[in-house]
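Number of protein chains: 4
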Amino acid sequence: MQISFSQEIQLRVRYSETDQMGFCYYGHYASFLESARVETLRSLGISYRKIEEGGILLPVTSLQIDYKKPLRYDELFSIHTKLVSLSACTVTFDYVFYNQANEITTTASTTLVFTDAKSLRPVRIPNNIIDTLRAYEIAEK
Amino acid sequence: MQISFSQEIQLRVRYSETDQMGFCYYGHYASFLESARVETLRSLGISYRKIEEGGILLPVTSLQIDYKKPLRYDELFSIHTKLVSLSACTVTFDYVFYNQANEITTTASTTLVFTDAKSLRPVRIPNNIIDTLRAYEIAEK
Amino acid sequence: MQISFSQEIQLRVRYSETDQMGFCYYGHYASFLESARVETLRSLGISYRKIEEGGILLPVTSLQIDYKKPLRYDELFSIHTKLVSLSACTVTFDYVFYNQANEITTTASTTLVFTDAKSLRPVRIPNNIIDTLRAYEIAEK
Amino acid sequence: MQISFSQEIQLRVRYSETDQMGFCYYGHYASFLESARVETLRSLGISYRKIEEGGILLPVTSLQIDYKKPLRYDELFSIHTKLVSLSACTVTFDYVFYNQANEITTTASTTLVFTDAKSLRPVRIPNNIIDTLRAYEIAEK
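Residue numbers (the numbering used here), protein chains in the order written: chain F, 1 to 141; chain S, 1 to 141; chain W, 1 to 141; chain Y, 1 to 141.
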């Protein structure tokens, strides 16, 4: 199922996120992506916290990041997050980072798998989430 | 109960742990202290992982760090950890960091409280841990 | 010089900041304190980024944190930061964390030393900062 | 230029690296990859620290990670790092993570670009590095 839903968050590079190159360390982007997709779900009325409380985990199975321009300490940047597709058990988000000059600094993609917290096996995406997302489905031609 | 047991570990500053001052970021020391006390317990035959699997958590309730000299990227340093005291429910560790020139770079202290994982209330330190540590008790005068 | 200036920021616990106890890991608080004091300076019209660009670093020399109650994933909390004192070369901030139930979860204090970026020696606090802060000086009796 | 040089390091999952799923948080792997490639270079007699001191930075431009099995707190794991190719300005490393049961838990790849620290423009890989790596070149057919 192809989806089109996007959301934007704004973050500022913390001092703890810089490295001695003077850039935001490349390893911190994964945490930014996490914040971005949690806020994207929240804007759809879906709480990731409640998904976990319901016994379902959503670990990342695939991460891809392209770093085009550095982000620096104290710099504000925005992440445009797009929920792009659903399969039976997985969901894929794409991300584009913009700096204050509106330049693309980073692009990324993550795939997550709905996972039973006890068995750690993949599970079908809960119906209430499917129903919420169906409103944003892209009709196939 | 005053204890005297000490242990040493050696670590190297990772690039991810630097900041744009070119030093090891002050916030990463808490994680170093964690590694240092876990290895100290391991050298006593006490597995922190098994304590948790037994339903007891060991959160830090107090942290004090004095930063005397910076640590830099790729620098090797050692942490001398001393288990210094036990009360009914708490344990205190003191730490001294040395760089390769054998200078003291950092001193620190943490207090942790044995906590029931379900109720989140303090619990008495398990007897097997008390028994292990009694061997290192400092006789009162 | 005793100062009274306080400022509040609000943060949310990121997933990356949890640990397997289900709490915000104790080591991440140092980064929260950094954000809190940078925003406190910003609200005074003082940019920490510009201080560094002017050749002065502001490393932390002393950190003290008392953890009273845990913070959990996705929890909103606020940090009340107080700039409490200045000496010739150092500045001290005190912090109190509140959860959504308005309970104090954490208290902390940090001392930072104005440091020449080249020599790494302490330097006197720049006059423009002193002048800004003098407006908040507490008169001695 | 296709290269074949590999190296192995062993790490243990720190408590600070767990998340509330009880797994090693997906964002920390980037830091593990950094340690793995720095040690790979070190085993070739190449110090990343000295490259930076020589005015060349080596930022990551592309990161890809596939998470196949989780790593848990206190778990020992090894990373097999392979330096696989060089272009005029870039170097690519591939990584495979193994747990204690010798299962592949994670695969990853990073591309880094040799960058002038002042201009932040790509630069040709220094000759001494090329010369060192040429010993491991795979002859084209």
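Check the hints yourself; a few may be wrong.
Note that identical chains are pooled: a pair holds if it fits in a single copy or bridges any two copies.
In silico lysine to any residue, SDA-like type, Cα no more than 25 Å apart, as pairs [stated by the list, open to error]: (1) Lys68 x Tyr48; (2) Lys118 x Asp94; (3) Lys118 x Ser6; (4) Lys118 x Glu53; (5) Lys50 x Ala139.
These aren't lab readings, by the way, just hints derived from the structure by calculation. Owing to the predicted nature of the structure, the values given are computational and were not obtained by experimental measurement.
Evaluation of the provided hints:
For the identical chains of this complex, Lys68 and Tyr48 are inter-copy neighbours only, at 22 Å across copies versus 30 Å inside a copy, given an alpha-carbon limit of 25 Å. Taking the shortest alpha-carbon separations for Lys118 and Asp94, neither the intra-copy value of 29 Å nor the inter-copy value of 32 Å comes in at or below 25 Å. Taking the shortest alpha-carbon separations for Lys118 and Ser6, neither the intra-copy value of 31 Å nor the inter-copy value of 37 Å comes in at or below 25 Å. Both within a single protomer and between protomers do Lys118 and Glu53 lie at most 25 Å apart by alpha-carbon distance, with minima of 12 Å and 16 Å respectively.
For the identical chains of this complex, Lys50 and Ala139 are neighbours neither inside a copy (29 Å) nor across copies (51 Å), given an alpha-carbon limit of 25 Å.
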